[in-house]
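Trainee: Here is how the chains run, residue by residue.
Protein chains: 2
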Amino acid sequence: MEKVTLGHGSGGRLTQNLIQTILSVFPEQNLTSNLEDCALIWGKIGVTIDSFTVSPRDFPGGDIGELAICGSANDLAVRGVLPRFIAMSVVAEEGLHMAELSRYMKSAARICEDLNIQLVAGDTKVVPKGHVEGLFITTCAVGEQITEESLGMDRLQPGDKIIASTSIGRHGAAIGASRFNLNPENLKSDCAPLWPALKPLLALKGLRCMRDCTRGGLGTVMCEWAEGRNIGITLVEKQIPIRIAVQSICDILGFDPLYLACEGCAAIAVAPDDADRALGLLRESSLCEEAAVIGTVTEDHAGMVALQTEIGGMRVVDMPVGEMLPRIC
Amino acid sequence: MEKVTLGHGSGGRLTQNLIQTILSVFPEQNLTSNLEDCALIWGKIGVTIDSFTVSPRDFPGGDIGELAICGSANDLAVRGVLPRFIAMSVVAEEGLHMAELSRYMKSAARICEDLNIQLVAGDTKVVPKGHVEGLFITTCAVGEQITEESLGMDRLQPGDKIIASTSIGRHGAAIGASRFNLNPENLKSDCAPLWPALKPLLALKGLRCMRDCTRGGLGTVMCEWAEGRNIGITLVEKQIPIRIAVQSICDILGFDPLYLACEGCAAIAVAPDDADRALGLLRESSLCEEAAVIGTVTEDHAGMVALQTEIGGMRVVDMPVGEMLPRIC
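Chain order of the listed sequences is A and B. full-length UniProt numbering numbers the first residue of the first sequence as 1 and each following residue consecutively. full-length UniProt numbering numbers the first residue of the second sequence as 1 and each following residue consecutively.
Any given hint might turn out to be false.
The list treats identical chains as interchangeable, and a pair is accepted whether it falls inside one copy or across any two copies.
Claimed, not checked - Derived lysine-lysine pairs resembling DSS-like cross-links, with alpha carbons at most 27 Å apart:
(1) K106 with K3
(2) K3 with K129
(3) K238 with K106
(4) K205 with K3
(5) K188 with K205
(6) K188 with K106
(7) K238 with K3
(8) K106 with K44
(9) K205 with K106
(10) K188 with K3
(11) K129 with K205
Hints listed in this document are in silico derivations from the structure and should not be mistaken for laboratory results.
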């Protein structure tokens with residue numbers, strides 16, 4: 001009998017299967033047609049939900065409290081939805097130190113304050129020791145769409161340029177390094193709220209769509225776009241910003257940085273004429289100084305992502321099937 | 001150093017402390033002033049969030065999937081908010097049977113269909129075996145308030161009648177019985193959506209406020225009202241509907257039915273002139289045939305709940321401090 005495996009939590013192919021299993025039992029009229037990470041209800045209100053099970057709960061560059069607000073708020077931001085409200089549910093293991101919980105809540109509150117987000121509803125559950133490992137937080141973010149368009153992948157067009165808003169894979173590399181007791185000094189998660197950096201882009205006529213590259217990384221987002229729209233995407237390896245520390249962790253642990261989670265990096269598609277302007281706007285944010293054009297949408301190899309490698313070859317970027325690292329977010 | 005205990009998950013006094021610990025780190029402008037279970041944002045939109053960790057996941061009268069939709073939808077219903085949308089996040093343990101997950105999702109889908117609720121956003125996480133016991137589901141329900149008033153406890157007035165919409169404690173008793181392998185044939189959880197039964201009440205001018213009696217039971221809701229408004233509430237023991245099977249489980253396991261969780265029972269306060277009309281409307285629903293007036297709001301014993309016992313005495317109903325039964329919902 002089929003069982004849920006860690007691979008089903010990877011964000012890749014098996015996660016799609018798991019989601020399909022869940023959705024298949026809902027009658028069609030009980031589903032919104034567009035199941036992007038952020039749903040739009042009543043036309044202009046964005047809603048998203050995410051559970052955070054990250055381990056360790058404290059990681060270089062952030063903690064589970066900060067991640068729980070950034071993660072949900074970023075799902076709204078990439079749809080042009082101003083994050084306004086958060087509902088938060090905490091499931092804690094008996095024996096968790098209250099001071100530790102308090103610390104995560106302070107991190108969460110700090111991000112809420114930075115973004116002017118109100119905490120409006122909450123729930124707390126405590127389960128017996130051993131029934132949950134430490135602390136899981138679920139957040140539902142609600143906000144108002146301030147763009148005319150909903151910035152879904154349906155807007156992608158051949159010729160569009162793909163931009164990475166910053167260097168990729170830092171969250172996954174930081175978690176992976178912590179997990180294996182490798183702690184390079186200059187490696188931190190990129191966990192951060194995207195709204196301030198992305199907001200100026202919303203005024204660009206040529207802005208097509210955006211997605212935050214979380215679990216599954218940039219590679220998975222590219223595959224979802226290519227498959228979802230049956231278009232081709234060509235990425236240029238040497239243009240993809242990857243910090244040396246991230247590449248080193250990948251070399252040591254055998255990870256592919258394309259699939260490593262980010263928590264403060266968006267993939268952005270823009271009309272070619274607006275690519276330079278978009279880069280300029282992004283780089284005004286201290287979080288996006290590494291922003292770069294990394295590829296192009298194409299009519300070739302429909303449904304597939306191709307990577308032009310540094311040595312001049314081409315390889316297929318497929319959606320990951322298994323799980324490199326569980327409990328990344 | 002203070003640790004989170006099971007008592008913090010009871011829904012009673014310690015849960016209030018835990019919530020206070022969390023809220024105390026948020027600056028005031030980042031909190032809604034009214035932290036009832038269901039928040040009202042932009043004036044007329046209701047939002048609530050709840051995590052469900054119930055064990056066993058299948059219980060007499062329902063399962064975790066059904067509970068996850070009813071629980072959140074009921075938090076809206078008691079505020080006069082029509083449940084319209086659900087965001088759902090699933091955290092599954094590696095090794096969970098896919099067929100079991102599918103079954104719970106079918107239960108969830110059935111309730112969504114009954115109530116015409118759309119699933120709009122979701123998340124799935126898989127954590128390694130032993131990091132979560134089975135399956136936790138978090139739901140965030142969103143809907144539109146269809147009443148003029150927001151039906152909060154601020155509307156309570158001395159003289160108001162308190163109604164229980166059905167017999168109390170069935171969910172807690174069913175879970176408790178399962179946990180101890182007592183399975184009386186005629187004992188089932190009351191888990192059910194409240195909206196259809198409560199909707200007709202919304203037209204009553206004398207309707208003051210409503211609350212679904214979940215974790216902590218009727219007793220805890222009464223204490224929250226009395227303390228929250230600094231008014232007295234007198235309950236009449238012999239008028240409180242309790243089924244024999246529930247009372248038997250309480251006698252065997254040493255539970256007080258006043259504090260046992262319900263998942264399809266609302267406490268309702270109405271002006272005295274409207275009490276009979278409210279009872280009549282409730283009893284039109286097959287779920288509320290046992291509805292009864294169980295007490296009165298009074299100017300006496302402000303901040304306290306008194307129970308007029310069957311033998312003619314009076315006793316204080318205090319908020320529970322510890323935890324009778326963890327993972328009830």
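Trainee: Give a verdict on every hint.
Mentor: These are the hints, each one checked on the structure:
1. K106 with K3: between (38 Å within a copy, 17 Å between copies)
2. K3 with K129: both (25 Å within a copy, 12 Å between copies)
3. K238 with K106: Cα proximity of K238 and K106: none, with 39 Å in one copy and 47 Å across.
4. K205 with K3: The answer is neither: 46 Å in one copy and 53 Å across copies each exceed 27 Å.
5. K188 with K205: neither (34 Å within a copy, 58 Å between copies)
6. K188 with K106: within (20 Å within a copy, 42 Å between copies)
7. K238 with K3: The answer is neither: 40 Å in one copy and 50 Å across copies each exceed 27 Å.
8. K106 with K44: neither (30 Å within a copy, 29 Å between copies)
9. K205 with K106: neither (38 Å within a copy, 43 Å between copies)
10. K188 with K3: neither (34 Å within a copy, 29 Å between copies)
11. K129 with K205: neither (53 Å within a copy, 48 Å between copies)
The earlier numbered hints that this structure contradicts are 3, 4, 5, 7, 8, 9, 10 and 11.
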